[in-house]
Structure formats: structure tokens, C-alpha cells
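Visitor: Chain residues, written in single-letter form:
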Amino acid sequence: MGLRDLTAAGQIAAVLAGETSSEELLDAHLAAIAADDVDAFLAVDADGARARAREIDAMPERPPLAGVPIGIKDALSVRDVVTTAGSRMLEGFRPLYTATCVAQLEAAGAVVVGKTNMDEFAMGSSTENSAFKNTLNPWDHGRVPGGSSGGSAAAVAERQVPWTLGSDTGGSIRQPAALCGIVGMKPTYGAVSRSGLIAFASSLDQVGPFARIVEDAALLLRHMVGRDPMDSTSLDWPGEIAAPTATDLSGMRVGVVGELMGDGIEPGVRAAVDAALGTIEELGGTVVPVSLPSALSGLATYYVLAPAECSANLARFDGVRYGPVAPAANLLDQYETTRGDLFGPEVKRRMMLGTFALASGYYDQYYGRAQRVRTLMVREFAQAFEKVDLLASPTSPTVAFPLGDRTADPYAMYMADVCTIPVSLAGLPAISIPCGLADGLPVGLQLAGPAFSENALLGAAHALEGALAFDTRPPGLVT
Amino acid sequence: MREELSGILEHIDAIRAMDLDGVPPTTHVITLENVVRPDVPVSGLTRDEALREAAHATDEGFGVPRMD
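If you read the protein sequences in the order shown, they are chains A and B. Residues in the first sequence are numbered consecutively from 458, following my numbering. Residues in the second sequence are numbered consecutively from 133, following my numbering.
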């Protein structure tokens with residue numbers, strides 16, 4: 458077994474046992490990134506990573522993450538490392554500060570190796586909206602890795618790094634995790650600081666981890682949660698994220714969301730999820746049907762709220778303070794040509810949709826109503842959690858789809874997030890773990906819990922992961 | 133683009149048919165009030181740092197073409 462086959466926890470243990478070093482780990486992973494055939498990374502900071510790895514190797518007492526390498530979604534700022542959010546609008550941009558959550562991980566001993574590909578400004582479900590390149594699914598190079606954090610998911614599945622960070626607005630961590638056969642978690646809204654995250658839809662955005670195993674995801678999250686004075690929506694974390702140790706689910710009541718197991722779910726996905734529900738019962742859990750009547754209205758609600766918020770957030774990109782500019786003779790023309798030339802089609806589509814939904818005369822019909830549907834969603838989840846501890850559903854209605862399959866039909870692309878969006882609208886934590894294969898492609902199981910139930914979620918996911926024994930190695934991957 | 137947006141709006145119109153009488157809006161899923169920090173000065177970016185990433189900058193500020 459090579460170094461890249463070790464989980465992050467395994468790599469930490471190997472460093473602490475003196476069997477390897479941070480620099481040796483870095484070399485193994487940089488070689489894999491150099492030989493990358495799925496195009497997961499947009500930028501690699503080999504020199505910076507090496508300097509940091511050597512520093513950590515020279516420490517008399519290693520920090521908790523022991524110099525294990527990590528990849529960062531390109532939506533998160535890393536000081537002096539080019540950060541584009543997948544957009545020509547930020548081509549060449551070098552941030553002046555590092556996102557708080559990344560700085561927390563660096564302080565805990567993670568070594569940032571580079572920035573991963575993503576849909577432009579996190580808008581998309583396949584990473585095909587990246588202005589720079591497509592990322593390929595490690596399980597089938599003709600298919601998408603999911604999105605918007607597709608580069609982060611593919612890099613972990615391909616073992617180019619043992620873990621990465623992503624951001625999740627409507628499913629952008631959980632859905633690519635599902636499509637790439639790995640673990641991805643969206644924490645409770647406010648759990649992780651967003652200072653330094655390039656904003657998409659601020660009432661929904663949240664940063665979270667990708668890893669091959671639940672234990673690694675928990676370990677990253679432990680060092681990320683907490684209140685940050687730089688993000689006034691961040692929250693004090695009650696207690697600590699624990700290392701998950703559960704091996705059974707006795708006494709746990711798991712609700713299956715009927716609305717998310719219906720006709721829109723591919724038969725192969727449903728079969729794999731059904732089998733996982735059987736495993737939950739074998740582990741001592743009780744599976745009960747639960748209804749979230751507004752769940753299927755989530756998609757329409759989200760596609761009012763998120764575009765409305767992005768239309769405001771993306772107003773800052775005007776070519777004046779950062780990023781490239783399309784020069785023009787006067788200021789208004791410069792704004793128009795810069796934004797016209799440098800934003801991609803999906804970003805423009807959403808900004809126009811958002812400004813329409815906020816326009817006077819339409820505000821109450823769209824934005825106002827969407828906010829009220831959101832209330833229904835919050836209430837329905839609260840009612841469900843009076844009866845059950847966790848909710849289970851597919852993460853994605855389909856397995857990874859072929860590249861180019863949905864680029865011509867925006868709403869077909871939006872459907873990829875139908876199972877993840879309701880949780881996002883309610884601000885709840887959820888994790889996707891691989892639960893099986895359909896037609897040789899990974900299927901993700903989504904577990905969601907009440908706000909701040911991360912430890913319970915991680916524990917249940919860990920127990921289930923042990924029993925499911927999913928092999929995260931994509932076919933043909935050489936390590 | 134116009135057709136695409138119309139197509140998306142047709143799907144979104146589903147929420148216009150829902151019965152939402154008496155349901156208040158949710159603007160934010162966590163309720164925080166008066167999030168303020170102590171009124172203590174802290175250092176920010178220097179002018180040089182703030183201008184570093186601008187496509188056009190003068191010694192004193194961001195450079196833009198004239199406003200007609």
C-alpha cells in the first residue's frame with residue numbers, strides 16, 4: 458500500500474510514528490497531481506507547500522494534522538495563491554488574506570497544495586461551468602464529477618490528496634461526493650466561518666470537508682468550526698467535533714423521506730439506497746417513513762432565493778479593484794464590457810433571474826413567496842425531527858451523467874440538486890457517504906440531522922460506512 | 133437566453149400556486165441579534181495592499197476611465 462492509499466488519519470499516524478514525513482507525503486501527492494488525468498486542480502502551489510511541509514517536519518512537536526496535504530476549492534481565498542472561483546472575472550487574482558477556515562487548518566498543520574476546479578462562482582452541478590476546463594469523473598472519464606465542488610471531489614477520489622474543502626449552497630459538496638464515491642459534509646449553517654469564501658448566496662453558503670472516510674471528514678471539521686469575528690453569521694460551536702467511533706445504530710430512528718424516493722430517482726440509485734436502509738436496520742436502527750410535503754418545492758424556491766442573492770453578491774465584480782478589466786473609453790462602458798465579456802452564461806442567467814425576482818412588482822410573487830416556502834420547509838424538518846433522529850435519502854437522483862448531457866438544458870442540470878436543496882434551505886447539517894454502485898458508478902446516501910447534530914451524523918455515518926464496506930478506489934486507479 | 137429564462141420561470145411558477153396564507157417569511161435560518169464587536173480600532177489593509185490587485189491604479193487610488 459502506497460502513501461496515497463493511507464487515509465488522512467493514517468497519514469498522520471505514519472508521520473507521528475516516524476514512518477514518513479510531511480515532505481515525503483507532499484512529494485507522493487504532487488507526483489499524482491502532476492500525472493492528473495481528471496483535471497481536478499486549477500493551481501498548484503508546490504513551492505509554498507514544500508516550504509510549509511519542511512517547517513512542520515522541523516517542529517519538535519508536530520501539530521495535530523501533522524503536515525498532511527489538502528486541496529482547497531478555488532472559491533476560498535488563500536493569500537498570494539491565485540484564486541479565481543472558476544471565473545475569468547478573477548483570472549490571475551491573488552488574495553490579500555487567507556480564508557479563516559483555511560487558516561485554521563493551516564494552523565492545525567494542514568499543508569495547502571493547491572486550488573481545485575469548480576463551476577464558475579459555484580453555480581452548477583457538473584463543474585462544466587468552470588471557465589477554464591472540465592474535470593472528469595475518476596470512475597468514468599466520460600462523465601461529470603458533479604459540482605460545483607467537482608475538482609475537490611475528484612481530487613480525493615483520485616487520491617491526489619486525502620482530503621479537500623468545498624462549499625455547499627444547494628448541494629455543491631454532497632452531490633459531487635456522491636458522484637465520485639467519497640464522503641462530503643455540509644455543516645450546520647453558521648458552523649464554519651465564511652470569511653474568505655467568495656460569496657454566492659449568503660443565506661445558504663457553507664464550507665465543509667471532503668474525504669474518503671467519515672473519520673477524516675470529522676477530523677477536518679473539528680479544526681474548522683467556531684465563531685469568527687470576521688463573519689458575523691458564524692456561531693460558537695457547542696462542544697467539540699468528536700472522532701466518530703459508533704459501530705452500530707441501536708436506538709436510532711432514521712426517517713426515510715418519501716418525497717425524495719419517488720419517480721424522479723433512478724432505479725439503480727433507489728436500489729442502492731434501499732439496500733443501505735436495510736443495513737441501517739441490521740445495525741439496530743429503526744427505519745420509518747417520513748413526509749416533507751414541501752420538499753419537491755425546494756428546487757423552485759432555491760432558484761428564486763439563490764439567484765436573487767447572487768445578483769447582489771456578484772455586483773462587486775466590476776474590473777476596478779481586482780481581476781482583469783475590459784478597457785473602454787468611459788466608466789459605464791467599462792463596467793458593461795467587463796461584466797459582459799468575463800462572466801459565463803450560467804452566471805449571467807442566474808443574475809438576470811435574480812434581478813427579475815427582486816424587481817418591484819415581482820418581489821412579492823417570487824422572492825417574498827420563496828421566503829415563505831422556506832418557512833414551511835424549516836417547520837416540516839422540525840416536525841420530522843420530533844419523530845426521528847436522522848433523515849435519509851439519496852444524495853443525487855442519478856449517478857454521474859455524461860459530460861455535455863445537460864449543458865443545453867439549465868433546469869435539467871438544476872434537478873441534480875433536488876435531494877440536497879431542502880436541507881440547505883433549512884440550514885441543517887447533512888453528510889453524503891457512498892453506499893453502493895449502480896451500473897458501476899457510485900451512489901451516495903444523504904443523512905441529515907437537526908442543527909448542531911454533526912456528532913450524531915458523523916457517528917451514524919461512520920457506523921454505516923463500516924457495515925457497507927464500500928471500496929472507494931475507482932477502477933484502474935494506480936497508486 | 134430569453135427562452136431559457138422563460139423555461140426556468142415556468143418551473144419556478146410552482147411556488148406561486150402554493151397556499152402560503154399566514155406563513156411568515158424566513159430571511160435567515162439562525163436568529164442572531166446585534167452582532168457587534170468591541171469598538172476597538174484594528175489595522176486593515178495598507179493602501180498599497182488594497183491597490184495591488186487593481187488592473188489600473190495610481191499612487192493614490194483605483195484608476196478608471198472618465199465618467200461621461
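To be clear, the hints were calculated from the coordinates, so they are not data collected in a lab. This one's a predicted model, so the numbers in the text were calculated from it and none came from an experiment. It is possible that some hints are incorrect.
[What the hints assert, rightly or not] Below, a sample of chain B positions facing chain A; criterion: calculated Cβ distance under 10 Å:
no., residue
1, Leu137
2, Ile140
3, Leu141
4, His160
5, Leu164
6, Asp171
7, Arg179
8, Ala182
9, Leu183
10, Arg184
11, Asp191
12, Glu192
13, Pro197
14, Arg198
[Said to hold, decoys possible] Computed beta-carbon distance windows for the label pairs:
no., chain 1, residue 1, chain 2, residue 2, range
15, B, Arg148, A, Thr936, 28 to 36 Å
16, B, Arg198, A, Arg778, 14 to 22 Å
17, A, Ala865, B, Arg148, 38 to 46 Å
The beta carbon of each residue, even a glycine, is placed where N, CA and C say it ideally should be.
Visitor: A separate judgement is required for each hint: does it hold in the structure or not?
Guide: Hint check results:
Hint status for Leu137 of chain B: holds, given a least beta-carbon distance of 6 Å to chain A, under 10 Å. With a least beta-carbon distance of about 6 Å to chain A, the hint placing Ile140 of chain B at the interface is held under the 10 Å criterion. A hinted interface residue such as Leu141 of chain B counts as satisfied when its beta carbon comes closer than 10 Å to some beta carbon of chain A; here the least separation is about 8 Å, so the hint holds. Taking 10 Å as the C-beta cut-off, the interface hint given for His160 of chain B holds, the closest approach to chain A being about 6 Å.
A distance limit of 10 Å between C-beta atoms decides the matter here; for Leu164 of chain B the minimum to chain A is near 7 Å, and the interface restraint holds. Interface hint at Asp171 of chain B: violated, since its Cβ lies 13 Å from the closest Cβ of chain A, which is beyond the 10 Å cut-off. The interface hint given for Arg179 of chain B is broken, as the beta carbon of that residue sits about 12 Å from the closest beta carbon of chain A, more than 10 Å. The interface hint given for Ala182 of chain B is met, as the beta carbon of that residue sits about 8 Å from the closest beta carbon of chain A, less than 10 Å.
Among the interface hints, the one on Leu183 of chain B holds; its C-beta lies about 9 Å from the nearest C-beta in chain A, closer than the 10 Å criterion. Of the supplied interface hints, the one on Arg184 of chain B holds, with its beta-carbon coming within about 7 Å of a beta-carbon of chain A, less than 10 Å. Given hint, Asp191 of chain B at the interface with chain A, is violated; its Cβ is 16 Å from that chain's nearest Cβ, farther than 10 Å. Hint status for Glu192 of chain B relative to chain A: violated, with the closest Cβ pair at about 14 Å, above 10 Å.
Among the interface hints, the one on Pro197 of chain B holds; its C-beta lies about 5 Å from the nearest C-beta in chain A, closer than the 10 Å criterion. Checking Arg198 of chain B against chain A by beta carbon gives a least distance of about 6 Å; that is within 10 Å, so the hint holds. Between Arg148 of chain B and Thr936 of chain A the beta carbon distance is about 52 Å. The supplied range of 28 to 36 Å is therefore violated. Taking the beta carbon of each, Arg198 of chain B and Arg778 of chain A are about 18 Å apart, inside 14 to 22 Å as hinted.
Here the CB-CB span from Ala865 of chain A to Arg148 of chain B is close to 26 Å, at odds with the stated 38 to 46 Å.
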